[in-house]
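The primary structure of each chain is shown beneath.
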Amino acid sequence: MARPIPPLPRDMRNTVLPGHAACHGCPITIGLKVVGAAFGNKVILVIPACCTSVVVGAWPGNAFNGSIVHVAFASAAAVASGIAEGLQKRGIKDVQVIAWAGDGGTADIGMASLSGAAERNNDFIYIMYDNEAYMNTGIQRSSATPPGAWTTTTPLGKLEPKKDVARIMIAHGVPYVATASIGYPHDFYAKLKKAARIRGFKFIYLHAPCPTGWRFDPAHTVKIAKLAVETGLVALYEYYDGRIHLSGPSRPYLDKSKRKSIEEYLKLQGRFKGIRDEDIKVIEKYVDDMWEWIKKHI
Amino acid sequence: MVEIIHIQYKVPIAKPKVGVAGKTGSWRWIKPVVDNSKCVKCFQCEIYCPDNTIMVDPKKGATIDYEYCKGCGICAEVCPVKAITMVKEA
Amino acid sequence: MPKVVLTGNYTVALAAKMARVEIVAAYPITPQTGIVEKLAEYIDKGELDAIMIRVESEHSALAAAFGAAVAGARAFTATSSHGLLYMHEWVHWVSRARIPVVMAIVTRTIGTPWNIWSSYEDFFGQRDTGWILGFAMDNQEVFDMTVQAFKISEDPRVYLPVLIGLDAFTLSHTTMPVDTPEQEELDKWLGPRRQGYVIDGSEPLALGNLAWPEDSEEFFMDLQRGMEEAKKVIREVDESYGKAFGRRYGGLIHRYHCENAKYHVISMGAWSGDLMEAIDILREEGYPVGLIRMRFIRPFPDKEMYEILNGSKGVIVFDRAISFGSLGPLYLDVAANLTKYTRKLPYMRNIVAGIGGVNVTHKDFYELVKATIDDLEKGVEPPVFTWHHRR
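Protein chains in written order, with our numbering: chain A, 38 to 335; chain B, 3 to 92; chain C, 2 to 392.
Hints were generated in silico from the structure; no laboratory data involved.
Since the model is a prediction, treat every value here as computed from it, not as a measurement.
Ideal Cβ positions, reconstructed from N, Cα and C, are used throughout, including at glycine.
Do not take every clue at face value.
Unchecked claim - Cross-link-like lysine-lysine pairs, in silico, DSBU-like; alpha carbons within 30 Å at most:
(1) C:LYS371 <-> C:LYS345
(2) B:LYS61 <-> A:LYS304
(3) B:LYS61 <-> A:LYS260
(4) C:LYS371 <-> A:LYS126
As the list claims (entries may be wrong) - Take a look, some chain C residues computed to stay more than 12 Å from chain A by CB distance:
(5) ARG195
(6) TYR348
(7) VAL381
Please put together the full structure from these sequences, using the hints given.
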């Protein structure tokens, strides 16, 4: 029997309030619980149009026990920059500003404001939770949708490769970039705490498997998140001081023989039902290439 | 320096509230049942529950708030000792 | 009081500095660029204790200014034409959140084609957004209106953002004398920033959660109430500024020769100065004509407009913008708002001119107004809509 992992701080209980509007098995609220564990209610989430905009419920109630500023789609990073500078001007240091945006609002429409905030090194944490499509509007493809995946705008499977936003952030030279997964909350928690201690722009990619959009039984959300890491498809790392620091859960997968097969991951998800063998080869090559890049930068 | 002088108009400011989507327990078609004799108080179910409806007491084990539990089944799957089973909602 | 000679752009920058803005979101666009350049200079020299956020687009400029304002800082930005159109979604977002912010717009023609000269369609494009919209005629007024904008916007009866317009090049790049108050006097008059709520971690608040239709409509009806209150506040601010610093303009409307006027002309912006010259000449020639110069078009001074125009024999509205497929936007506002008070409108004429930045001189105004009045006196009604164009 596995040794029990220590539980997270008790604020994890108080931040996401039950009875919110998320789908069964939604990874977003798991992620928000970890944010709550790290910061309690001393957090201002800047949320552009995405699932979270509606998960937190309708006025006058809010299912998140912290502050939220909802913003227009393309501007999470810009508003977060403004809030961070405003609070700095007022000498307020005890609240964490976090831009909490989906892959659509970051990699597509939010790319310009993300790049701007990164280049200016504004002092906040940008968390992109990646459910790999525009889920809030009913599962349309985004640049973060993996190749071969069904979406309503790519019924035969997406052709283009997945845009790697973490690497784009590394190329911007920001103080801290990390990848995380809702399947590994302690790892995500540690990265949040570390980011909070750094002054400047911090980016955290959060892999978030979506049962509704990826077409799997909601009970499997955590299993699929872990499988993504166990196949090497998602690598958990931090980038700071000019190199990659591979995170604990991903260290075994430097060794290709330890990685589980991609098919194991794909066959659990209805969105890959029609995936062709060539697409699987493309994904396998993507995984190999990514780990080659990681090895070069460790 | 900023003075907050209360706004006399209706503004789109919301405050924390349980149950913003109603009693989401009504969304269930299957429900988790905990056998606390098996529970090892590892907290995995509480950590991973997306709805914060299962809470672990280090002495007594796990309890579920059925008013809001959506019956997603994550708790049953992550439990390392299979102390939780999903049963059909009556 | 120190008198300086400044371009309109530098006047805006000076006013923002003296109002002690704390956050400036800066993005350049001709002909506004001088504003952000001057503010950068003030900040780097230590004359202004503010943070400049050098954003990567105008959309982000208003987004960042909004973020800082929500967190409790006095925020300011400026733009023009296409920049204003790019941030248009944010213009709505800010006013509907009831967050005080001040923005300067150097009005410039919208393309296609590229055109850098003044016309007002970018300004009028914000007409329905819920911002208080003011427009200056000369650099002195640019200074006064920009400073007053902070006081109006942060008044608890209002809590709405304010936009101040000034003409491209005619004001923005033209030097004029500007009288400025002493900093301590202005500090006393303006006071610290006020807002209705702040999101800074002191309590968990969520701004902008999804709202059902009935709730949403109630928010927006309250926005309309704030606009109604703003009429009172604008007049109060004009009065108290006049008392403190010696200059008052008359509130939402600046009346020029309206006493015993039988005919009226309505305009807004820098070319009103040329129109005033034309009126001086016409008055000398015995024409009983007066000018209603719009200082604020939102909230629209409907009752005051009616009070002046009641009994008028003829009204000409000069528009430096056109709502394609219809009439000039200022004309549409004037005519429609008069119907709140009367079933019988006077003869009203809409002359659209100066679009694309075409220069309209006091001679043009003189001829147009004279011809209109002469016709009306003869019992002939000129066409209601004319687009006056000359090369």
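Here's how the hints hold up against the structure:
1. C:LYS371 <-> C:LYS345: holds, 24 Å
2. B:LYS61 <-> A:LYS304: violated, 40 Å
3. B:LYS61 <-> A:LYS260: holds, 27 Å
4. C:LYS371 <-> A:LYS126: violated, 56 Å
5. ARG195: holds, 14 Å
6. TYR348: holds, 45 Å
7. VAL381: Answer for VAL381 (chain C): holds, closest chain A Cβ roughly 52 Å.
Of the hints listed earlier, those the structure fails to meet are numbers 2 and 4, in rising order.
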